[in-house]
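Colleague: Read off the chains here:
2 protein chains.
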Amino acid sequence: MYKLHNIDGKAKRGELHTVHGVIQTPVFMNVGTAAAIKGAVSTEDLKQVKCQVELSNTYHLHVRPGDGVIRKLGGLHKFMVWDKPILTDSGGFQVFSLTSLRKIKEEGVYFSSHIDGKKIFMGPEESMQIQSNLASTIAMAFDECPPYPATREYMKDSVDRTTRWLVRCKDELNRLNGLDDTINKNQLLFGINQGGTYEDMRIEHAKVISELDLPGYAIGGLAVGESHHEMYRILEAVVPHLPQNKPTYLMGVGTPQNILEAVERGVDFFDCVYPTRNGRHGHVYTNHGKMNMLNAKFELDDRPIEEGCGCPACTTYSRAYIRHLLKAKEMLGMRLCVLHNLYFYNSMMEEIREAIENNRYSDYKAEKLERYNNGN
Amino acid sequence: MYKLHNIDGKAKRGELHTVHGVIQTPVFMNVGTAAAIKGAVSTEDLKQVKCQVELSNTYHLHVRPGDGVIRKLGGLHKFMVWDKPILTDSGGFQVFSLTSLRKIKEEGVYFSSHIDGKKIFMGPEESMQIQSNLASTIAMAFDECPPYPATREYMKDSVDRTTRWLVRCKDELNRLNGLDDTINKNQLLFGINQGGTYEDMRIEHAKVISELDLPGYAIGGLAVGESHHEMYRILEAVVPHLPQNKPTYLMGVGTPQNILEAVERGVDFFDCVYPTRNGRHGHVYTNHGKMNMLNAKFELDDRPIEEGCGCPACTTYSRAYIRHLLKAKEMLGMRLCVLHNLYFYNSMMEEIREAIENNRYSDYKAEKLERYNNGN
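First to last, the protein sequences are chains L and U.
Note that full-length UniProt numbering has the first sequence beginning at 1, numbered continuously upward.
Note that full-length UniProt numbering has the second sequence beginning at 1, numbered continuously upward.
Honestly, the hints are just simulated from the structure, not real lab data.
Since this is a predicted model, take the numbers as computed values, not measurements.
It cannot be assumed that every hint is accurate.
Cross-link-like lysine-lysine pairs, in silico, DSS-like; alpha carbons within 25 Å at most [said to hold, decoys possible]:
(1) U:K118 - U:K84
(2) L:K329 - U:K3
(3) L:K290 - L:K329
(4) U:K78 - L:K78
Now the in silico label distances, taken between C-beta atoms and shown as ranges [stated by the list, open to error]:
(5) U:E367 - L:K72: 33 to 39 Å
(6) L:N295 - U:M1: 39 to 45 Å
(7) L:E350 - U:K290: 55 to 61 Å
(8) U:R277 - L:K78: 29 to 35 Å
(9) U:R303 - L:R102: 53 to 59 Å
(10) U:R233 - L:K329: 37 to 43 Å
(11) U:E367 - L:K78: 45 to 51 Å
(12) U:E299 - L:D213: 37 to 43 Å
(13) L:N292 - U:R277: 29 to 35 Å
(14) L:R102 - U:S100: 47 to 53 Å
(15) U:G117 - L:K78: 33 to 39 Å
(16) L:K78 - U:H229: 36 to 42 Å
(17) U:G225 - L:S100: 25 to 31 Å
Glycine included, every Cβ here is placed at the ideal spot set by N, Cα and C.
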């Protein structure tokens with residue numbers, strides 16, 4: 001199901017076969033929280049920016065429109081009209097970051113909806129049931145996302161519970177995949193490694209969950225406030241203890257630099273809201289660094305955001321026009337910046353894949369960062 | 001320059017030749033106030049919804065980004081990347097509806113910008129200069145838009161001034177079109193008929209401005225608060241006194257029914273914010289009447305907004321998905337509704353043209369309204 005094409009240093013060039021097509025890795029998954037990429041981007045647009053995998057949020061779709069509604073409509077692929085792979089997160093991260101009045105128990109989490117305050121319970125079984133209703137390609141295990149920083153004692157309890165929850169997730173998804181009326185009977189489950197910035201706990205947990213022989217493993221609980229240096233240190237410690245012959249997913253990361261560093265440490269799945277969120281604020285990525293398209297210096301600039309870029313914004317519109325749209329609060333300005341940013345990220349992943357194939361990842365990374373950080 | 005293909009009753013089927021291509025009439029011009037259609041619609045999208053003419057607002061572009069900026073960037077066509085005809089209004093309507101502290105003098109209007117309060121003067125010459133900088137295909141004359149209702153006395157003074165201003169507009173645009181560095185030396189000027197709901201004043205004014213032999217004539221100052229019945233009465237009175245062998249443009253109108261009635265009375269150019277504004281609120285037009293896409297009854301409805309519709313929304317997405325997007329405040333929901341509405345309007349104009357060609361406009365109109373108003 002997962003094939004490794006090449007390894008360059010620790011960097012992995014692989015592919016994951018799914019019922020919704022093959023994912024070439026390293027891959028950046030494009031975040032469409034509520035079954036749509038923010039910024040008026042349609043799934044038609046997504047194809048044009050080279051998106052391989054769309055990522056939607058289980059918690060958001062559970063509260064609106066409801067996973068039952070999406071199931072009745074044939075699942076998420078049919079609902080949002082996207083026939084390539086979709087990954088759904090477990091809902092855990094949002095339960096811990098968005099909701100109020102949480103109570104964590106062995107059976108799961110009791111909390112109040114951020115939309116209407118409604119009391120909701122979500123545990124491993126519920127998360128799997130919701131994701132099975134959504135019928136995504138890849139379901140993520142339901143875990144606890146501990147706060148940062150957390151004491152060793154808190155972290156130990158939390159990681160142990162996350163391990164017990166993972167076993168329940170696996171059992172429940174197996175059961176659901178075996179039911180006659182399940183939409184996607186081949187739904188894959190990725191486990192999630194936790195342990196905060198405690199290397200020993202990370203490694204111990206990685207070993208335990210690896211034994212469950214799941215189709216993929218993620219590293220969660222990073223990019224939550226710790227320094228980049230700490231994040232890289234944890235990756236160096238834990239990635240060697242996760243199966244190399246399976247996808248390795250660093251959740252919620254990150255900047256172009258973060259991705260380049262994590263690929264070098266053996267990660268090959270990523271997702272992050274940066275390209276979409278920054279795009280909506282007029283902040284765009286280029287090979288020469290980030291630009292704020294609201295800057296007055298672009299007033300008369302008839303060049304594209306980035307010369308030579310093949311995205312729908314750059315092949316047609318000028319910096320001057322995009323700046324005007326953003327100043328005038330025309331939604332088209334946001335859309336064009338989001339499209340450019342997603343194209344930039346997805347294209348960088350293409351370059352990364354090619355560099356690993358040619359055993360020149362280290363050189364590629366150095367050149368890319370030199371240009372990106374120094375604008376030359 | 002304007003050719004009449006057929007006349008069916010009073011309904012005109014014509015075409016206007018411009019340097020930016022031929023406009024088939026009756027035509028609905030798609031409103032892109034600040035050089036963009038609201039709702040994240042790109043000029044690429046505009047082609048897909050059969051837009052023939054884009055309309056931008058002179059006042060808005062004058063205050064932001066500034067017509068000088070657009071001129072330096074090669075004019076509005078190059079700025080927004082649209083190679084088909086563009087009509088710019090004169091700025092008059094916005095000066096009278098958006099700004100504060102207005103003083104109307106013989107030379108023009110003194111007012112404060114609605115954005116930063118900056119003092120601005122605009123008279124006939126200034127309006128022509130701005131529109132020449134924008135380099136639109138069709139420039140509109142600078143007129144006074146009198147309030148509704150207005151006394152006969154006020155209206156008489158206002159209409160007389162509008163006539164004097166029209167002469168100045170014509171002279172100034174002739175001068176500008178003759179300058180070496182003018183971007184569009186073939187810019188056309190349409191005059192505007194005023195007179196409120198006073199038939200005699202409307203007719204008298206129509207006769208006077210017709211003698212100026214301009215490339216087209218608009219009827220302004222309607223759809224400003226009077227009843228539909230009054231509007232149709234005025235059209236019946238005044239249209240016969242405007243040149244039949246020139247475009248006849250009813251400004252800012254309107255609903256599908258308004259357009260169908262006005263075409264029957266000899267109008268062949270229209271513009272209105274309804275399809276875009278309503279779309280952004282989730283209100284869509286169909287052949288069976290309007291629908292509010294936020295309605296709970298669409299929760300599980302997997303049909304398109306309108307069966308058989310060829311717009312980018314209906315060929316791909318379901319009512320259930322669009323409703324979800326609108327509920328979740330995802331901009332894509334607005335964009336899809338706007339695209340559908342523009343396609344609906346532009347397609348209706350196609351049907352209108354075909355009906356007039358086949359001398360069955362009256363039957364067509366009756367059938368269309370029967371379906372639209374009674375939902376059958």
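Colleague: Next step is simple, just say for each hint if it's right about the structure.
Modeller: Taking the hints in turn, this is what the structure says about them:
1. U:K118 - U:K84: violated (33 Å)
2. L:K329 - U:K3: violated (40 Å)
3. L:K290 - L:K329: holds (21 Å)
4. U:K78 - L:K78: At roughly 39 Å apart (the allowed maximum being 25 Å), K78 of chain L and K78 of chain U break the hint.
5. U:E367 - L:K72: 33 to 39 Å: Given range 33 to 39 Å: holds, Cβ gap about 36 Å.
6. L:N295 - U:M1: 39 to 45 Å: The hinted range 39 to 45 Å holds for N295 of chain L and M1 of chain U, with Cβ atoms some 43 Å apart.
7. L:E350 - U:K290: 55 to 61 Å: At 45 Å between Cβs, range violated.
8. U:R277 - L:K78: 29 to 35 Å: holds (31 Å)
9. U:R303 - L:R102: 53 to 59 Å: For R102 of chain L against R303 of chain U, whose Cβ atoms are near 40 Å apart, the range 53 to 59 Å is violated.
10. U:R233 - L:K329: 37 to 43 Å: holds (40 Å)
11. U:E367 - L:K78: 45 to 51 Å: With a Cβ separation near 35 Å, E367 of chain U and K78 of chain L fall outside 45 to 51 Å, so the hint is violated.
12. U:E299 - L:D213: 37 to 43 Å: Check passed, 40 Å falls within 37 to 43 Å.
13. L:N292 - U:R277: 29 to 35 Å: Taking Cβ atoms as reference, N292 of chain L and R277 of chain U lie about 30 Å apart, which means the hint holds.
14. L:R102 - U:S100: 47 to 53 Å: At roughly 50 Å between Cβ atoms, S100 of chain U and R102 of chain L fall inside 47 to 53 Å, so the hint holds.
15. U:G117 - L:K78: 33 to 39 Å: Once the Cβ atoms are compared, 52 Å apart, the range 33 to 39 Å for K78 of chain L and G117 of chain U is violated.
16. L:K78 - U:H229: 36 to 42 Å: violated (48 Å)
17. U:G225 - L:S100: 25 to 31 Å: The hint (25 to 31 Å, Cβ to Cβ) is violated, given that G225 of chain U and S100 of chain L are roughly 48 Å apart.
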